[in-house]
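Throw the hints in and build the complete structure from the sequences for me.
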Amino acid sequence: MTDLVTLSGNTAVTTTLALSGGTGTQHKNVLELVRTYRADLEEFGRVAFETQPFSTAGGIQTREVVQLNEQQATLLLTYMRNSLIVRTFKKSLVRAFFDMAQRVRMRASDPMAVLNDPTAMRGLLLTYTEKVISLEQTVAEQAPQVATLHRIAAADGSLCMRDTAKVLQVRPVDLRRWLVAHGWVYQRPGHSGWLAYQDRIQQGVMCHKVTTVQREDGTDKVVEQARITPKGIARIGAELAKAAA
1202 MTDLVTLSGN
1212 TAVTTTLALS
1222 GGTGTQHKNV
1232 LELVRTYRAD
1242 LEEFGRVAFE
1252 TQPFSTAGGI
1262 QTREVVQLNE
1272 QQATLLLTYM
1282 RNSLIVRTFK
1292 KSLVRAFFDM
1302 AQRVRMRASD
1312 PMAVLNDPTA
1322 MRGLLLTYTE
1332 KVISLEQTVA
1342 EQAPQVATLH
1352 RIAAADGSLC
1362 MRDTAKVLQV
1372 RPVDLRRWLV
1382 AHGWVYQRPG
1392 HSGWLAYQDR
1402 IQQGVMCHKV
1412 TTVQREDGTD
1422 KVVEQARITP
1432 KGIARIGAEL
1442 AKAAA
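First residue of the sequence shown: 1202, per our numbering; consecutive thereafter.
This list has only true hints and no planted wrong ones.
With a Cα cut of at most 25 angstroms, we get these calculated BS3-like pairs of lysine-lysine:
| id | residue 1 | residue 2 |
| --- | --- | --- |
| 1 | Lys1410 | Lys1367 |
| 2 | Lys1291 | Lys1229 |
| 3 | Lys1229 | Lys1292 |
| 4 | Lys1432 | Lys1443 |
| 5 | Lys1367 | Lys1432 |
| 6 | Lys1432 | Lys1410 |
| 7 | Lys1443 | Lys1367 |
| 8 | Lys1410 | Lys1422 |
Pairwise CB distance ranges (calculated):
| id | residue 1 | residue 2 | range |
| --- | --- | --- | --- |
| 9 | Ser1209 | Ala1382 | 37 to 43 angstroms |
| 10 | Arg1389 | Glu1417 | 20 to 26 angstroms |
| 11 | Ile1402 | Ala1444 | 19 to 25 angstroms |
| 12 | Arg1239 | Pro1390 | 57 to 63 angstroms |
| 13 | Asp1204 | Ala1258 | 18 to 24 angstroms |
| 14 | Leu1276 | Asn1211 | 20 to 26 angstroms |
| 15 | Arg1306 | Ala1382 | 37 to 43 angstroms |
| 16 | Thr1420 | Arg1363 | 25 to 31 angstroms |
| 17 | Asn1211 | Thr1252 | 20 to 26 angstroms |
| 18 | Lys1367 | Ala1444 | 18 to 24 angstroms |
| 19 | Gly1259 | Asn1211 | 35 to 41 angstroms |
| 20 | Pro1390 | Lys1443 | 31 to 37 angstroms |
| 21 | Arg1264 | Arg1363 | 56 to 62 angstroms |
| 22 | Glu1440 | Gly1222 | 50 to 56 angstroms |
Don't read these hints as lab results, they were simulated from the structure. All C-beta atoms, glycine included, are put in the ideal place defined by N, C-alpha and C.
This is the structure we're talking about:
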């Protein structure tokens, strides 16, 4: 029973195939038990039916297989017919999970030990491959948005909050809340307008546009408006994308 328990990432797991072979139960019946008691099993983690290839005399075929963690596998065995073979296998399974836990602890205290552990190495390589594929998909999905943000960062001029919200495709009120929460703008007591913090201006992500308007009595009034630079728009877009990921 070398592969009775393996590592899936950092989680020790067995399979419905292992339970089938260890208890002398047809695999289709084990899968049926999983479907029947799926709600109970998912109290201890997600249950996913996967399609795996296998070789036969007639060539390569596929079959459904479910990976189970220790709690799920142990619980499923309690739903099987109580026989000597089931009880014996259950003890072997508990021992296999215990041994795997010991190996994981040893690996944590001695990283070089993984090089001499084929099962652990296989689990690590599979995890690494899954992460690489996931990152490649993320990069491909975000490429158009990243390119747009680079073009914005290289542009000239600045935008008010409302126009910036349109560019970033968010509600103006949500953008304003984000700017306040992240220390980009503030309101001076007694004034309705928004001002940019000085450190954001020094970073080149915010600026002020000063306009002189004429009051009804003919006197001039200086109005200061906080505006977001292309560099600032690009940075906000990147932060919003990161938060949504």
